[in-house]
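J.: Here are the chains, one letter per residue:
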Amino acid sequence: MSAEPGPSSTPRARELWTRQVVAVLRIELRKNFWGTRAIPLYLLCLGPVLLLAGRALVLWQGWAREDPAAAAVFYANIYQSFLLRFVLFFGCAWIFTNLFRGEILDRTLHFYFLSPIRREVLVVAKFAAGLFASAAFFVATTAATLVLLFAPYGASAALDRLLGSTGIGSTAAYLGVTALGCLGYGAVFLATGLLVRNPMIPAIAILGWESINFLLPPLLKKLSVIYYLVSLCPLPVSQGPIALMAEPTPAWISVPGLLALTAAVLLLARWRIRGTEISYLTD
Amino acid sequence: MTGEAGGIVFENVSKFYGDVLGVNRVDLAIPPGITSLVGPNGSGKTTLMNLMTGLLRPTRGRVAILGIPTDRPEELHHRVGYCTAYDSFPRALTGYQFLYSYLRVHGRMHADAQALTGRAIERVNLTEAAERRIGAYSKGMRQRIKLAQAIAHEPSVLVLDEPLNGLDPMVRSEVIALLRDLAHEGRHIILSSHILHEVDLVSDRVVILSQGYVVAEGSIQSVRREIVEHPIQVLVRCDQPALLASRIFEQDHVVEAKIVEDGRGLLVHTRDADRFYLLLNRIVVDHGIRVEAVAPADEDVQAVYQYLVGAEGGTA
Numbered sequence: 042m043s044a045e046p047g048p049s050s051t052p053r054a055r056e057l058w059t060r061q062v063v064a065v066l067r068i069e070l071r072k073n074f075w076g077t078r079a080i081p082l083y084l085l086c087l088g089p090v091l092l093l094a095g096r097a098l099v100l101w102q103g104w105a106r107e108d109p110a111a112a113a114v115f116y117a118n119i120y121q122s123f124l125l126r127f128v129l130f131f132g133c134a135w136i137f138t139n140l141f142r143g144e145i146l147d148r149t150l151h152f153y154f155l156s157p158i159r160r161e162v163l164v165v166a167k168f169a170a171g172l173f174a175s176a177a178f179f180v181a182t183t184a185a186t187l188v189l190l191f192a193p194y195g196a197s198a199a200l201d202r203l204l205g206s207t208g209i210g211s212t213a214a215y216l217g218v219t220a221l222g223c224l225g226y227g228a229v230f231l232a233t234g235l236l237v238r239n240p241m242i243p244a245i246a247i248l249g250w251e252s253i254n255f256l257l258p259p260l261l262k263k264l265s266v267i268y269y270l271v272s273l274c275p276l277p278v279s280q281g282p283i284a285l286m287a288e289p290t291p292a293w294i295s296v297p298g299l300l301a302l303t304a305a306v307l308l309l310a311r312w313r314i315r316g317t318e319i320s321y322l323t324d
Numbered sequence: 025m026t027g028e029a030g031g032i033v034f035e036n037v038s039k040f041y042g043d044v045l046g047v048n049r050v051d052l053a054i055p056p057g058i059t060s061l062v063g064p065n066g067s068g069k070t071t072l073m074n075l076m077t078g079l080l081r082p083t084r085g086r087v088a089i090l091g092i093p094t095d096r097p098e099e100l101h102h103r104v105g106y107c108t109a110y111d112s113f114p115r116a117l118t119g120y121q122f123l124y125s126y127l128r129v130h131g132r133m134h135a136d137a138q139a140l141t142g143r144a145i146e147r148v149n150l151t152e153a154a155e156r157r158i159g160a161y162s163k164g165m166r167q168r169i170k171l172a173q174a175i176a177h178e179p180s181v182l183v184l185d186e187p188l189n190g191l192d193p194m195v196r197s198e199v200i201a202l203l204r205d206l207a208h209e210g211r212h213i214i215l216s217s218h219i220l221h222e223v224d225l226v227s228d229r230v231v232i233l234s235q236g237y238v239v240a241e242g243s244i245q246s247v248r249r250e251i252v253e254h255p256i257q258v259l260v261r262c263d264q265p266a267l268l269a270s271r272i273f274e275q276d277h278v279v280e281a282k283i284v285e286d287g288r289g290l291l292v293h294t295r296d297a298d299r300f301y302l303l304l305n306r307i308v309v310d311h312g313i314r315v316e317a318v319a320p321a322d323e324d325v326q327a328v329y330q331y332l333v334g335a336e337g338g339t340a
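Sequence order for the protein chains is A and B.
Here our numbering = 1-based position in the first sequence + 41.
Here our numbering = 1-based position in the second sequence + 24.
Read the hints as simulated data drawn from the structure, not as lab findings.
Just so you know, even glycine gets a beta-carbon here, dropped at the ideal spot from N, CA and C.
Incorrect hints may appear among the rest.
[Unchecked claim] Coverage of chain B stretches by chain A, computed from C-beta distances (three or more under 8 Å per stretch; other residues unrestricted):
hint : stretch
1    : 66-78
2    : 122-136
3    : 269-277
Extracted from the complex, chain B is given alone in its bound form (with noise of 0.2 Å):
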């Protein structure tokens, strides 16, 4: 699946509703992985999720999914599968009912479709549950029907709006695993979360959105190198933080290095990485000094977006 032509793309997309911005001169193209949209509430994550599936139409611009327009349902939805934040559901239908049903709108014969329904409901570990009406689960079950709908047909795009809300810790390692299967076999899958936590553990690249703006994309380490204003920050487990720091302080990219709380380590703010990572080569080498590891300490969605949007992560 991976190389088909297109990849998702966006050029200069502008969605109003009405006078209300929803999503502003999105220039987007999205390669297969695992993709977040992260930004607060109101931001234009939805809105970029139901452009994509062509549930609505951009005033401006155009969206393209593997090279098909998203105002061709009867092409892209072969492709795409979409799991939305709407929680509801056709009433009185059980889960293999509801994901048989909607396999036959999708054309899929009577043998096809219940091979289908039964592969994604064991997917998303429902199987119990399966012959039970939906108005009957609970939130998390809820949750996995609407994921097992959207990977049913086996697209090669999968859009997933905040899919691990609702999910127990289990059955979110679980889902994530799964969603971590889908992306090896070359999936686009794009994705929304509240948890930054969580986004940074199945994240290949992130868009970052505030209000209906695309304010930065890629991979989250390329998105952090471009944030200059704020240094960037290394945590180096050392045997002589003290000596360390005198040595550093000499530089000028170095702005600020101080010994963390168990003595073991020093955090490390600089403007140019890689220079310092050469210069502490040098001092580790030159003092004899013992590391037991070098990490960025901001490099993660969290921090990334503490620094673009200025809110408390978390909340996305």
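In isolation and in its complexed conformation, chain A is listed as follows (with noise of 0.2 Å):
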């Protein structure tokens, strides 16, 4: 009984939720990369990258010619529209979504919970995965367009406009809007998994909602995700003539409020988790 825990808050206790958060990651980030639950995240992150492969492509053959700020803006055109909106919405749904709602499709669920391990600890652990592997698919998937946007302008223009005092921090900001565009749909995807039976029903619903907050009222717009997250992006992008404008955010407020969000997410799942039975018959 080597791993029983004394009291709760003693360094005892937290080394063995340490082990016990070690233990999940393996065996969520295990089914996040190679299980058949990974086969669409590598096609969600395969299309954005063929996409920027193909305009490379085109470049390099000569068949159009574009500037590297010309190439800046529809970058970020394709970020905002696809990575984001897209690619990353859908991605964090799959791999959020499926950290409570797939295990209990697929009736596993209970070999967590018939393990000594705390519930809170679980959802912080399968969350914690869930974040680890959306970050190493879409910042890589980011990563990866970023470089072969600029691929066709040679190798030390594109390392200036990537790592360079011009483009590190533009470089920077997609890469740190890309996770934190993890943290927020994760934490949005973890709460409609855990709390309704048919997750697509929310999912659509909220990728609707996102989808029209262009239109909103500005005070409306601070209640989605994607709001903060183009607030955050470098470059603004035209989003139409029936486009409602608003102030974008400051960092200093979208960055603590993703973060707040998550904060509170993971709160009501430490709740919702401590009530939550195993009858698959019924779910």
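Work from the hints to combine the two standalone chains into their complex.
T.: So this is what it looks like as structure tokens:
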């Protein structure tokens, strides 16, 4: 019985929880990177990479010309409309709703529930696994698309645009926004996976809400993840003639705001998971 | 492991799934040894098991295992192992990886988890298949790896939902022997089985369920004795069954007596087994009857189940 903890606040208990979190991470990461569940993620990530690779090929072959400044605007459009609103959204929906709902559908959640792990620790471990996997997939995709964006201008120009004094801020912003998107959408979809029997319905509702964000009045815009992510992007993108404009939220509000949303959702998940029962037939 | 505080205790436990009754007003105290839950499909066996392992919460009442409330999984599952009836596993894992991974979730260190995994796999006789993916296992092998998962962390309480399901006769007898070993080590073993004959072989006690209610519990003998509306059947193998029959018919507690087909025994139905055995001793001595064997003929789960639940045994 060497694994039994002492009182919940002791260092021994914290050491046990750490070991348990690492064990859950290993199981979940294996599923997210190597299982059949990973195939849609690889396909999603391949989309923007192929798009940018195609563009790079066109420029390399000299079939079209585009200067780096125009390329940055092109990327801002692709990033916000495709990478953030489609790839990241659906990727996070897939990863985070599957953390619990997928296990219920596979009838395997009871293996965790029959382990001596605090349910709160399980939620944190699973969320961390989802966050790690989504960040790995989508931050890597963002990085790959940025490299492909500037690759046609030659190695030294690409390095300067990506990591030089003119480009490093922009590169860091895109990578950071992607990571924050994983956090924000991850929290939202973890909650839907825990609270709703069929998470497809809320996922579609959230997609609709996020899609019409540009039409919403400023106050309602702030009740979405995409609004904060777009506010943090390095280049603003035109949202069309009928968009209702709002002042972008500064980073010192956007970043803590998304972190607060995540903390609130984890608290909600903590409450929900303690009362969760295994009754696959009714699920 | 014997004498651990509390045993398995249900105090006025009810569980409803919406309007549907799972179990109702269950009061039980289960001591160490092998206890079988017996009842038809839908009688509440799996609900009781899920309640005692914390997978379900009671709508009313309280369940505690060795003094630990079942809503504290972080303490409970160090002491409890559960082999569920769910035939599903995390994808793409070998038997070894499956056991090892979940022992790590228990918080076991690498070496400890490795040793326990090896021991559990050996106990269920799956060593050769340990490195194969569970997806390629036969039904019997999947049943054994589930059993291994339940016993791997060496729990004091083992809950087994249909553990003999899908096993061939050879493996079945191995598993029964394993359960007996575990019971002799002082563990609580709670199992459900469709096969009443095997329940009889392994159980120290039974809990008989019908439509969500506990209708009887205790040792087979004590449960049988409580069913007063059905006379107890005793088979006496002897050389003069006709003489014995004529003598015992004089007694008011003897309801029926018939000579068995081979003519070498008498099947007696009596309302008072103790008085019948005293009477039998006297008649045997007085008339010089040679008795080969005396045995209760309906002191088994099958008969008890039929009397109480009214269905054919073997389909519980």
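J.: Could you tell me which of the numbered hints above are not met by this structure, giving the numbers in increasing order?
T.: 3
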